[in-house]
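J.: Chains as they are written, first to last, in the numbering used here: chain A, 1 to 403; chain B, 404 to 574.
For lysine-lysine, the following DSBU-like pairs were computed, each having C-alpha atoms within a straight-line distance of at most 35 Å:
(1) A:322 / A:267
(2) B:501 / B:410
(3) A:322 / A:277
(4) A:267 / A:282
(5) A:197 / B:410
(6) A:197 / B:500
(7) A:297 / A:277
(8) B:500 / A:200
(9) A:170 / A:322
(10) A:267 / A:170
(11) B:501 / A:200
(12) A:277 / A:267
(13) A:267 / A:297
(14) A:297 / A:282
(15) A:200 / B:410
I should point out that these hints are in silico values taken from the structure, not numbers from a laboratory.
Each chain is listed here by its residues.
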Amino acid sequence: MTFFPFESLVGIQRELGMVVGVLIGFGFGFTLERAGFGRAQKLVGQFYGYDLTVFKVMFGAIVTAMLGLVVLSGLGLADFRAVAEKAASSTYLWPMLVGGLLLGAGFIISGYCPGTSWVATASGKLDGLATVAGVIVGQVAYAELLSIPAVARFHNSGDLGSLFLWDLLKLPNRAGPPIVAIAVTVMAVGCFIGAEKLEKVLATRADPAARATPAGRSGRFVFAGLAASALTGLALVALPTGTQAARQPRTIAPLDLARSVVDEPWKVRVLDLRDAKACGEKRIPGSECVPPADLGKLGLSYVNPARTLVLVAEGDLPAPPKEALAYGGELWVLQGGWQAWQAFALEPPQPPGPGATPAELELFRLRAGLQSALTGMKAAPPPPPPTAAPAGPPRKGGGGCGS
Amino acid sequence: MERNPDKFWNPYLAGAVLGLVLLSAFVVMGKGLGASNTSLRLGVTAIEAVAPGHVAATPSLARTRAEGHPLDNWLVFEVVGVLLGGFVAAYTSGRLKKETLKGPRISTPARWGMAFLGGALMGGAAYMGRGCTSGQALTGGALLSAGAWVFMFSVFGGGYALAYFVRRAWR
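Construct the complete structure from the given sequences, taking the supplied hints into account.
T.: Here it is in structure tokens:
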């Protein structure tokens, strides 16, 4: 589903990824400085009410990035949930609540947040440099404290896994982000208007060096852009390109599926749609027996879309059930279904005759290896019953800042 | 280019540009922005120079070495970019100057002490909250993570709660 190959950029083209990291960081640092975030007085103005730039820039950025990702997901160029799973950390309610309060306290004491302290340092501010040093000490000190069991227990308390606002509202992964995004945008624009009014009221008390920049024409231009993006995001959910009905699952050849199942079984989830009896007798290793009637119980539109879903029918499957189409991640259909699998993987291949090309020899070796690996196994144990709709996707470990 | 140190970008325009930077990180890298994790990595590097065995014996520090050297990480390169971007922006706007920013009623050493203290508090808090204002509030907030929104409101809550008591540092 994800159009841009960020996985390969991180994995194989690591150096290129690091260069992109410097470029993106450059944009981040440049923008923060130009917004005035290299200056402590401008930042703390937020907490004394005379300059609400922190709030405006931060919510402006959140809404822009959110709507951008909503629109790209609506166009099928990205997958909101997949990106969110990858780039956002899991929710640990209590440490996040307490950590937020302490970070806010540290913010008003030091005058910077960790990111803006780097920018202040780069622009020559010695108080920024002191904050940078403090953050380093604080990070290491807390990491050391984690060896105390009580601290570690608190650090991992309130673990709710990957939890997103649309999960809380029980919305599916496809329509959820645009709906919540609209609500956030409306709220943010309402708050922006309120912030302008508040600044006008408090302006007389302001330090002239740290006066807020009024919204002006470019502000209205940004509001209009946000409104247009929000409407586009919502419209794309309703358009045919955005619905699952238009989704054409790709087919996977038995050879490729066999490679996946043997080499990287953690990357695929194979659902066998044949009736339970046939599936119970013989099935692809690691597959789940899910007759089409039971598909709805899997809650495929809610589960973590990280793995590729592969559907196996008796033969070809021209129109996959809509429950499967609701799955957020990659969806594949086994070409030729079970019959093709049986013919390919479970019957011994003909040894190539003399004069066979190297490619033919290679294929024979692979098939022979697969055949012995797949048939040499003990008879499969009785299939596990299909699991009922899981409440939430699997949890992942928490990361540091942005990891 | 006009160099007026008191002239800043329109906040909404700056927000939109920052949002596009964040969006490009999402789309190209599948990552968000971050700042505080690099601090941990710098700290680990320093500790390794002083007490080599200590990092390996402490799991919470050793995990920064999962990819090899603690500084061999995307977020570290991103912060290098932040420093470069901040420097260029400060230079071109006339704000590049060695100085200490503070309110009129506080001495410079006291301001440094408060900056360090506040930084240390934020360092611990950012580890606890799985990210700081960049990595958690901004990135997670844009991705509609429930925990990030809790964190973000807490940050504003903590700041407002303490603002009155430290007003002497600023006003």
